[in-house]
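*Asks:* Required output: the full structure, derived from the provided sequences and hints.
Number of protein chains: 2
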Amino acid sequence: MQPKLAPPAADPAFRAALDGLELIDDPAQRRLRSRDFYWYSPILKRELDGKAADLIVVPRSIDEVVRVAGACARFGVPLGVRGGGTGNYGQMVPLQGGVLLDMGKLDRTLWIERGRGRFEAGVKLIDADVQAQQQGWELRMFPSTRRQATVGGYVCGGAAGVGSIRYGQLRDAGSVLALKVVTCEETPRLVELRGADIGKALHAYGTTGIVVEVELALAPAWPWVEMVVAFDDFATAAHFAQALGESDGIFLKLASLMAWPLPRYFRGLEDALPDGRHVVMIMAAASGVSGVRSLVAEHGGTVTLERPYTEDPGRTPLYEYTWNHTTLQALKIDKTLTYLQTIFPLGANVEALIASHELFGEEVMAHAEFQRRQGRTNCSSLQVVRYTSDERLWQIVHQLDGLGIRLSNPHSYILEDKGARVLSADLQLQFKHESDPHGLLNPGKMSRWTSSPSLAEQGGRP
Amino acid sequence: MQPKLAPPAADPAFRAALDGLELIDDPAQRRLRSRDFYWYSPILKRELDGKAADLIVVPRSIDEVVRVAGACARFGVPLGVRGGGTGNYGQMVPLQGGVLLDMGKLDRTLWIERGRGRFEAGVKLIDADVQAQQQGWELRMFPSTRRQATVGGYVCGGAAGVGSIRYGQLRDAGSVLALKVVTCEETPRLVELRGADIGKALHAYGTTGIVVEVELALAPAWPWVEMVVAFDDFATAAHFAQALGESDGIFLKLASLMAWPLPRYFRGLEDALPDGRHVVMIMAAASGVSGVRSLVAEHGGTVTLERPYTEDPGRTPLYEYTWNHTTLQALKIDKTLTYLQTIFPLGANVEALIASHELFGEEVMAHAEFQRRQGRTNCSSLQVVRYTSDERLWQIVHQLDGLGIRLSNPHSYILEDKGARVLSADLQLQFKHESDPHGLLNPGKMSRWTSSPSLAEQGGRP
Numbered sequence: 017m018q019p020k021l022a023p024p025a026a027d028p029a030f031r032a033a034l035d036g037l038e039l040i041d042d043p044a045q046r047r048l049r050s051r052d053f054y055w056y057s058p059i060l061k062r063e064l065d066g067k068a069a070d071l072i073v074v075p076r077s078i079d080e081v082v083r084v085a086g087a088c089a090r091f092g093v094p095l096g097v098r099g100g101g102t103g104n105y106g107q108m109v110p111l112q113g114g115v116l117l118d119m120g121k122l123d124r125t126l127w128i129e130r131g132r133g134r135f136e137a138g139v140k141l142i143d144a145d146v147q148a149q150q151q152g153w154e155l156r157m158f159p160s161t162r163r164q165a166t167v168g169g170y171v172c173g174g175a176a177g178v179g180s181i182r183y184g185q186l187r188d189a190g191s192v193l194a195l196k197v198v199t200c201e202e203t204p205r206l207v208e209l210r211g212a213d214i215g216k217a218l219h220a221y222g223t224t225g226i227v228v229e230v231e232l233a234l235a236p237a238w239p240w241v242e243m244v245v246a247f248d249d250f251a252t253a254a255h256f257a258q259a260l261g262e263s264d265g266i267f268l269k270l271a272s273l274m275a276w277p278l279p280r281y282f283r284g285l286e287d288a289l290p291d292g293r294h295v296v297m298i299m300a301a302a303s304g305v306s307g308v309r310s311l312v313a314e315h316g317g318t319v320t321l322e323r324p325y326t327e328d329p330g331r332t333p334l335y336e337y338t339w340n341h342t343t344l345q346a347l348k349i350d351k352t353l354t355y356l357q358t359i360f361p362l363g364a365n366v367e368a369l370i371a372s373h374e375l376f377g378e379e380v381m382a383h384a385e386f387q388r389r390q391g392r393t394n395c396s397s398l399q400v401v402r403y404t405s406d407e408r409l410w411q412i413v414h415q416l417d418g419l420g421i422r423l424s425n426p427h428s429y430i431l432e433d434k435g436a437r438v439l440s441a442d443l444q445l446q447f448k449h450e451s452d453p454h455g456l457l458n459p460g461k462m463s464r465w466t467s468s469p470s471l472a473e474q475g476g477r478p
Numbered sequence: 017m018q019p020k021l022a023p024p025a026a027d028p029a030f031r032a033a034l035d036g037l038e039l040i041d042d043p044a045q046r047r048l049r050s051r052d053f054y055w056y057s058p059i060l061k062r063e064l065d066g067k068a069a070d071l072i073v074v075p076r077s078i079d080e081v082v083r084v085a086g087a088c089a090r091f092g093v094p095l096g097v098r099g100g101g102t103g104n105y106g107q108m109v110p111l112q113g114g115v116l117l118d119m120g121k122l123d124r125t126l127w128i129e130r131g132r133g134r135f136e137a138g139v140k141l142i143d144a145d146v147q148a149q150q151q152g153w154e155l156r157m158f159p160s161t162r163r164q165a166t167v168g169g170y171v172c173g174g175a176a177g178v179g180s181i182r183y184g185q186l187r188d189a190g191s192v193l194a195l196k197v198v199t200c201e202e203t204p205r206l207v208e209l210r211g212a213d214i215g216k217a218l219h220a221y222g223t224t225g226i227v228v229e230v231e232l233a234l235a236p237a238w239p240w241v242e243m244v245v246a247f248d249d250f251a252t253a254a255h256f257a258q259a260l261g262e263s264d265g266i267f268l269k270l271a272s273l274m275a276w277p278l279p280r281y282f283r284g285l286e287d288a289l290p291d292g293r294h295v296v297m298i299m300a301a302a303s304g305v306s307g308v309r310s311l312v313a314e315h316g317g318t319v320t321l322e323r324p325y326t327e328d329p330g331r332t333p334l335y336e337y338t339w340n341h342t343t344l345q346a347l348k349i350d351k352t353l354t355y356l357q358t359i360f361p362l363g364a365n366v367e368a369l370i371a372s373h374e375l376f377g378e379e380v381m382a383h384a385e386f387q388r389r390q391g392r393t394n395c396s397s398l399q400v401v402r403y404t405s406d407e408r409l410w411q412i413v414h415q416l417d418g419l420g421i422r423l424s425n426p427h428s429y430i431l432e433d434k435g436a437r438v439l440s441a442d443l444q445l446q447f448k449h450e451s452d453p454h455g456l457l458n459p460g461k462m463s464r465w466t467s468s469p470s471l472a473e474q475g476g477r478p
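Chains as they are written, first to last, in this note's numbering: chain A, 17 to 478; chain B, 17 to 478.
Hints are supplied without guarantee of correctness; some may be wrong.
In silico DMTMM-like cross-links for lysine to aspartate or glutamate, where the CA-CA straight-line distance does not exceed 25 Å [said to hold, decoys possible]:
| id | chain 1 | residue 1 | chain 2 | residue 2 |
| --- | --- | --- | --- | --- |
| 1 | B | Lys196 | B | Glu129 |
| 2 | B | Lys434 | A | Glu262 |
| 3 | A | Lys196 | B | Glu314 |
| 4 | B | Lys196 | A | Asp328 |
| 5 | A | Lys348 | A | Glu379 |
| 6 | B | Lys348 | B | Asp291 |
| 7 | B | Lys348 | B | Asp406 |
| 8 | A | Lys434 | B | Glu262 |
| 9 | A | Lys196 | A | Asp143 |
| 10 | B | Lys121 | B | Asp248 |
| 11 | A | Lys348 | A | Asp328 |
| 12 | B | Lys67 | B | Asp406 |
Sample of chain B residues with no beta-carbon within 10 Å of chain A, all distances over it, derived [what the hints assert, rightly or not]:
| id | residue |
| --- | --- |
| 13 | Ala44 |
| 14 | Val74 |
| 15 | Gly86 |
| 16 | Phe91 |
| 17 | Gly284 |
| 18 | Glu286 |
| 19 | Pro361 |
| 20 | Ala364 |
| 21 | Ile370 |
| 22 | Gly377 |
| 23 | Arg392 |
| 24 | Asp417 |
| 25 | Gly418 |
| 26 | Asp433 |
| 27 | Lys434 |
| 28 | Ala441 |
FYI, nobody ran anything at the bench for these hints, they're computed from the structure. In this text, all values refer to a predicted model and were calculated from it rather than measured experimentally. We put the CB at the ideal spot given by N, CA and C, even for glycine.
*Replies:* So this is what it looks like as structure tokens:
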């Protein structure tokens, strides 16, 4: 179903329905808040530059979210949601204008206890973590953008992160414990999702409901140490990273592999990044440092950095060179670069990594984030690519595919291009018919909704 | 090298060398303290019954251990070490008499900080854990015998335990951080082993040195919940246990699978063990309970017990039905039972489990402890066997081998029969030439020492 044409944000009846809410009409502010980091991709840059909401609403309570959702349903106005705006695929960029909810003031931590925490969607991940730590807990995983990103944005647009090397994926059972969503109907409902139902809204880009509260599993707080290890040889570095990930005796939060010359782009860490060497960036539990050192010695590497991890505003934490920050650090130095995002074959990921490094050399700079997937140590890759043309980029993708390395397309804003599991995709499409019958939530992002005849219109509502 | 004949414990010169130490000559006490739980095995029972030390010494300091070791070296007296006496293979049973050190009074916790703890060898594991918990930490793994077993005994005679489902094996890098050992020489040395050198004394049954201090990696304390899940079908239960182990989003301490009729032997837990059902016993982080419940629902099981884990002297903790306690619980009811201990093929362990269950039925009651091995979720098994004859027992072993299930022989007191890695075996043999040149430490347990010409005597000291 196509959404009805959005009325101008100036429509007096629509404005009246939002009376008393914090509204932003200023064009510069609207453009600014309608963007994320999609500009890493020259393709998305072309497609998304200039897209903006007609009106920003900054709710301060769930009741206000409900008022906005009800108004949009009644008036047929597209409705999007913005957290910290740190996504990379235009997850929250409004394709059809309309209203954008800025969740930044829905930022209360509701409670933290016995390994669980419940947060309003707009709580920044770093604040959630600090508050948890004050009670002896910590987030099990977070994106490298945690200083800006929100809890709600992470569960709607993220998949894994710093911590995934031990706690796996955000979608794994036990990771996200509950989501409270507001539906987009004339009379919006509040729905509490738990268990397998979490998949209805997790990693759905806000197309199936407005996530207003998130309950996360926490870990007891570990003391972490940042380490960098350098290797002469890429294959050795890759085997080391895999062996490290498989070392159950060493509790880890981060294991990131960067092929030379990627480290050349990393400002502020030069002493730890010797010329011409491939590096592995590590966060290990303090008690695991001697174990890491033993493993490094066994593999013939050199420890070039070892320091306690602290969240010091004056220092760039090691994780801000990893995950999607790797690409950002490189782009700061060289604007012609872009990147890919890929998933590796289970049980053969190291071999595939080495083969791709040998095939492409410096054109596709290997960058792998080691993590648990389906109970195994695997990696995904955010390769930094010397961009020449779209044609060459897709040729690289094709060649990677030949090595068993599958694209999780970072040059697309379409939900289904991100490797969402079929189970979730079915669940989400089905739920959208109940939660967003007019198709107003983040329209244009869920291709199965856009392309398929509406079950609701056929009377086939599930 | 064969040890020299032990002088009678009454030799005045030898007794004079031990002047002022706590000595025990009483025959009943000597017999009692010279035993462990080898009697699970009818074979070991025949071989080890009646073996006893000539003299028990109860040291109160490392200095006293040094005095005993020096005296034994000078007088050529065999020297063994006893912790809690909870081993199952006669690890500490003195085969040739001599002196047995009872480490029970070397029981100081030296320090606990930032995920590490250092303990004298005689500290009971439960006390180490309670002391760690008072500071917000906990042991990463322990044997089911933790209420009696000591830290030193565990690292000398144990391999894994409750906690291995996330932290892997005791031998994995990062698990044991240091061992302090006293050598058995005329002038004994104190040697601090770290890194790969830990393998010189870890799981060596005290044949390569007297472990007097142990430094362990700790975890931040998790709140745990005990759960029992029942299944109609063994194969489903086995697949569930594997899937649970592979669920990185659920932090676990225990995942034990017991085929019916094993649960029939478990007193005190009857309500949670429905007739004819196969069960999985679980300790999960409190925040993981909903994740476990989702997975149970997916596999069609029933949660029959869910209660917070507390160490209550009046209640049998769930872990006391698991690991080697499973066999003990069964033996309490039926003295004719015995057991096997086996290692499963990586990546095919569930299939092997199911095949063995189908092949043997109730003669070999499946009992699998799920754990991380080499970074993967695998299991080892402590099958409870209806014993008929030695011949039939070895026939079963042969048939299991045909399914890829390898024996880690619990009917042998020989170190090398326990699947010690070749690397450790080489390291241990080599170290023994330095640490125990007269071959007095726990003689008869290390077959490579007993059977090979001494490198030391050939002048080939490594």
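*Asks:* Decide if the proposed pair is consistent with the structure: lysine 348 of chain B and aspartate 291 of chain B, CA atoms, cutoff 25 Å inclusive.
*Replies:* The given pair, whose Cα atoms are some 19 Å apart, holds under the 25 Å limit.
*Asks:* Determine whether the non-interface label on aspartate 433 of chain B survives the test: each CB of chain A must be over 10 Å from its CB.
*Replies:* Aspartate 433 of chain B clear of chain A: closest Cβ-Cβ about 24 Å, beyond 10 Å.
*Asks:* With 10 Å as the threshold, tell me whether glutamate 286 of chain B passes as away from chain A on beta-carbon distances.
*Replies:* It holds; glutamate 286 of chain B is separated from chain A by about 29 Å at its closest Cβ, greater than 10 Å.
*Asks:* Any Cβ of chain A at or closer than 10 Å to alanine 44 of chain B, or is the non-interface label fine?
*Replies:* 42 Å, holds
*Asks:* Determine whether the non-interface label on glycine 284 of chain B survives the test: each CB of chain A must be over 10 Å from its CB.
*Replies:* 26 Å, holds
*Asks:* Mind verifying the non-interface call on glycine 86 of chain B? Its CB should be farther than 10 Å from each CB in chain A.
*Replies:* Fine: 31 Å to the nearest Cβ keeps glycine 86 of chain B off the interface.
*Asks:* When you check the alpha-carbon spacing of lysine 434 of chain A and glutamate 262 of chain B, does it fall within 25 Å?
*Replies:* 23 Å, holds
*Asks:* Does lysine 67 of chain B pair with aspartate 406 of chain B here, judged by a C-alpha cut-off of 25 Å?
*Replies:* 22 Å, holds
*Asks:* Holds or violated: is the Cβ of isoleucine 370 of chain B farther than 10 Å from all Cβ atoms of chain A?
*Replies:* Per Cβ check, isoleucine 370 of chain B is outside 10 Å of chain A; nearest 18 Å; holds.
*Asks:* Please verify whether lysine 121 of chain B and aspartate 248 of chain B have alpha carbons no more than 25 Å apart.
*Replies:* Violated - the C-alpha atoms of aspartate 248 of chain B and lysine 121 of chain B are around 48 Å apart, more than 25 Å.
*Asks:* Does the claim that arginine 392 of chain B lies off the interface hold, with its Cβ farther than 10 Å from every Cβ of chain A?
*Replies:* 7 Å, violated
*Asks:* Does lysine 348 of chain A pair with aspartate 328 of chain A here, judged by a C-alpha cut-off of 25 Å?
*Replies:* 22 Å, holds
This entry does not satisfy hints 4, 10 and 23, going by the numbered hints stated previously.
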